[in-house]
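Trainee: Single-letter residue listing:
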Amino acid sequence: MRYFAVATFLSLSISVLHAQMDGKQLYTINCSACHQLKIQQGGPALTEVAKLYRGKPEAFVKWAKNPLPHKRKNLAQMPAMAHVPDADLRKIYQHVMKVTKGLEAIKPKKRVDHFPDQLKKRPLIQRIFMPNVGPAAIAVALENNYNFAFDAGVSRLRFIWKGPYLYGYPYWSGNGDGLAVIHGKKVSIEETSPLPFITDAAPAEFLGYSMKDGLPTFKYRKDGIEVQERLTSNSKQVVRTFTLTGAPNPLKLNFPTMDGISYSSSHGQWAGTSLLADTDKPIVITYTFSK
Amino acid sequence: MRPIIASLLLSSCAFADRWTDQFTFESIDSPVGVDPQFGGLASLPDGRLVAAFHRGEIMFYDPDKKIWTEFARGLHEPLGLLVEDEKNILVMQRPELTRLTDTDGDGVADEYTTVFDDFGMTGNYHEFAFGPARDAEGNLYISLGIASNGAGVREEIRGEWNEIGHPREKMLQNENWKQNKTAAGRMYSRAAWRGWVIKITPDGKGTPFASGLRSPNGIIVDSEGRLLVCDNQGDWLGTSKLHHIRKDHFHGHPASLIWKEGWTKDPLKMNSKEFDQIRTRAAGLFPQAELANSPTQPVIVSPKAFPTIANETLIGDMNQTTLVRFLPDSGVKGASQGATIPFLQSETLGRGNNRLAFTADGSLWVGKTQLSWPGSQGLLRIRKKQPAEKPLFVIKEISLKGEGFQIHFSKPVEPESLKAISLTRHTYNYHVKYGSEKVDEVLVKTVETLSADRKTLTFKTSDLREDYLYTIDLGETISEDQQPILGQKAYYHLIAKK
Chain A
300 MRYFAVATFL
310 SLSISVLHAQ
320 MDGKQLYTIN
330 CSACHQLKIQ
340 QGGPALTEVA
350 KLYRGKPEAF
360 VKWAKNPLPH
370 KRKNLAQMPA
380 MAHVPDADLR
390 KIYQHVMKVT
400 KGLEAIKPKK
410 RVDHFPDQLK
420 KRPLIQRIFM
430 PNVGPAAIAV
440 ALENNYNFAF
450 DAGVSRLRFI
460 WKGPYLYGYP
470 YWSGNGDGLA
480 VIHGKKVSIE
490 ETSPLPFITD
500 AAPAEFLGYS
510 MKDGLPTFKY
520 RKDGIEVQER
530 LTSNSKQVVR
540 TFTLTGAPNP
550 LKLNFPTMDG
560 ISYSSSHGQW
570 AGTSLLADTD
580 KPIVITYTFS
590 K
Chain B
17 MRPIIASLLL
27 SSCAFADRWT
37 DQFTFESIDS
47 PVGVDPQFGG
57 LASLPDGRLV
67 AAFHRGEIMF
77 YDPDKKIWTE
87 FARGLHEPLG
97 LLVEDEKNIL
107 VMQRPELTRL
117 TDTDGDGVAD
127 EYTTVFDDFG
137 MTGNYHEFAF
147 GPARDAEGNL
157 YISLGIASNG
167 AGVREEIRGE
177 WNEIGHPREK
187 MLQNENWKQN
197 KTAAGRMYSR
207 AAWRGWVIKI
217 TPDGKGTPFA
227 SGLRSPNGII
237 VDSEGRLLVC
247 DNQGDWLGTS
257 KLHHIRKDHF
267 HGHPASLIWK
277 EGWTKDPLKM
287 NSKEFDQIRT
297 RAAGLFPQAE
307 LANSPTQPVI
317 VSPKAFPTIA
327 NETLIGDMNQ
337 TTLVRFLPDS
347 GVKGASQGAT
357 IPFLQSETLG
367 RGNNRLAFTA
377 DGSLWVGKTQ
387 LSWPGSQGLL
397 RIRKKQPAEK
407 PLFVIKEISL
417 KGEGFQIHFS
427 KPVEPESLKA
437 ISLTRHTYNY
447 HVKYGSEKVD
457 EVLVKTVETL
467 SADRKTLTFK
477 TSDLREDYLY
487 TIDLGETISE
497 DQQPILGQKA
507 YYHLIAKK
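Those protein sequences? They're chains A and B, same order as listed. Take the first sequence: its letters are residues 300 to 590, numbered as in the numbering used here. Take the second sequence: its letters are residues 17 to 514, numbered as in the numbering used here.
Hints were generated in silico from the structure; no laboratory data involved. It is possible that part of the hints are untrue.
[As the list claims (entries may be wrong)] Covered, in the sense of this in silico footprint (three residues per stretch, anywhere, with C-beta under 8 Å from a C-beta of chain A), are these stretches of chain B:
no.	segment
1	46 to 60
2	65 to 78
3	105 to 113
4	123 to 137
5	302 to 313
6	448 to 456
We put the beta carbon where it would ideally sit given N, CA and C, even for glycine.
The shape of chain A in the complex, shown without the other chains (with noise of 0.2 Å):
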């Protein structure tokens, strides 16, 4: 080992090496990611910030120590920026200031989706988050503006609705703390599965789907029974199928009873809205709507 230099410092406080950054740079490596000069990326301009504590240091301080009262809508949650000193704070608070004197706070312009057409095309699956559904929510927008929500949660079909399909942006639009909106009319729902043996207290496994002709097959499986489930449309009707392999020979289907359906189906006996039908052929429900 060849020697070449002897460091003889003491240990001492570094804090005589951060008096070095000025405010700038303390900005640059805390502040720039969210915040920049004029205009909203992340978070508020530096305008609009100096526009509400100009004049007013410590507030900012404390601001930017806990920032969570503060939240703004649409925009992520600040961090606190508890790993800053105060001094430091304060050295940044003077940048702030320096920097958007004489400049005009411009409101933010709102956001608006650049991809308005994602959702517009039929047929069309999408998994997001939506209302009147468990989380693990799918939506599946058919021909004839009918559309239907179905649970992988619970492995159910939710519900049926008339209509546009969904808008997706109040969920996309930031890391998730929103719900697809749906507008249309709900024209059928279900508040447990139609198969006997399934039930929301003890729901079936999912197991995924198959795409034809860009709709889903949904598979799920309950007590070695396993269920495929196929929903299409046409201008008055939306047409259900049940393929069951290992399941009871005949079984019991219960449908909802709701105004303006009437259900009809490839063969077995209905009692109101129940259906005593064979399950070693796949089970056809066409549902009619009046309305």
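Following the hints, position chain B against chain A.
Mentor: Chain B alone, transformed into the frame defined by chain A:
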């Protein structure tokens, strides 16, 4: 005049971008009509890339033809991809791990098979799901983020609700949430296995593997078989961490402990000392605001792309314009620890570096995202300028010795350039508060020596303390052939002494 010009030249040399001198950064056109926020990125054996996007598309990119094609769509916030082969791709989305299969060979997935969904969801936005990583035996690992009190939980959840903590009706996201949120805890894990790594065996069975994670956006089995997971600065994390995950270990964020078998206490009512005694320290630390604020995907460096650092682990970050190398120190018994070092630290890299992949031609690809946080979007291709085989001047190894740190360089060092080097140390608070200041930061007294071959630099010091992060600052160190050091600082997390 002359001396002034010389000093101007010197200072401009010192501030020139040493990375763009040696690497090219090329921005790639995003697919038309697709929100170009990247949640997943991986390479295929045939040289193409596969990418997952924020709104649920999975697309291939052919770098030769520069064409994007759709493989699948409609997924829920996909945040990870693993290619099994050209027709089978695993994707981690919010609700499940899914295998996408092209059964008829037309280039489009027609089977979406649920591989694993046996974990809970409250509908809280912060319950992201990451992975999968695969080990040599074919086991898969996924990591599950915990909920944030930036929001409550939805009425309908998936899976079991854990009763430990604030009553469920007070956890609902409604008009009362502002009053209830503080008592909920800054981050919480009320649905099953949030904050855990789950191991999934090839037969599809999942078992909880390790706990203590917060927002583990990045998981990999490294080239030596370590399961590495990144975690974000926040409550209980003074700064961001790189964990070496081990079976049944608790990695430091207490919220997930309520799912541990036999656990009955509310972590919010416990003392930090109780957790400190049972936690496993992170193998690497990313000092906040200096190196990384929100580390992302680790990837194994392709020998073709950057031979000097072949098979090392390279990690992304959302906020800083740098990637990070991790150099484990295998010489310390009873602890997994090592150093983090900036790589490609350049404004040209930009922010939002969420997903990384190497293709066989020697390109590094970086997919960006922001999800309303600071970041960016789109895809970057990074290549080393020719000649590819000319070694980079980097730190190759840092090892802790009984009397200090030994640093091994990839090339001989110019001794005259070592004048401005220093060693400092600091630690962080381990507490429920969000982040931590640097604590007890001091310049360490050292004696430095350079080996006869000028490739090994030793910092001799008696000031070696456990639970401290040592910052080795190499300043304007250059190599004998006048290359500036790539990665001027190294941060060694000393958990245990040799």
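Trainee: Go check the segment 448 to 456 of chain B versus chain A for me, would you? Three or more residues, Cβ under 8 Å, otherwise it fails.
Mentor: Since three or more residues must qualify, the claim that chain A covers the segment 448 to 456 of chain B holds, with 6 doing so at under 8 Å.
Trainee: Quick one: see if chain A covers the segment 46 to 60 of chain B, three-plus residues with Cβ-Cβ under 8 Å.
Mentor: n = 3 at 8 Å, threshold three: holds.
Trainee: Taking a Cβ-Cβ distance under 8 Å as contact, does the segment 123 to 137 of chain B have three or more residues in contact with chain A?
Mentor: holds (count 8)
Trainee: Residue count check for the segment 65 to 78 of chain B against chain A: does it reach three with CB-CB under 8 Å?
Mentor: Result for this restraint: holds, n = 3.
Trainee: Against chain A, does the segment 105 to 113 of chain B show at least 3 residues with beta-carbon separation below 8 Å?
Mentor: Our answer is that it holds, as 4 residues pass the Cβ test (under 8 Å) against chain A, meeting three.
Trainee: Quick one: see if chain A covers the segment 302 to 313 of chain B, three-plus residues with Cβ-Cβ under 8 Å.
Mentor: holds (count 4)
Consistency note: the structure conflicts with none of the earlier hints.
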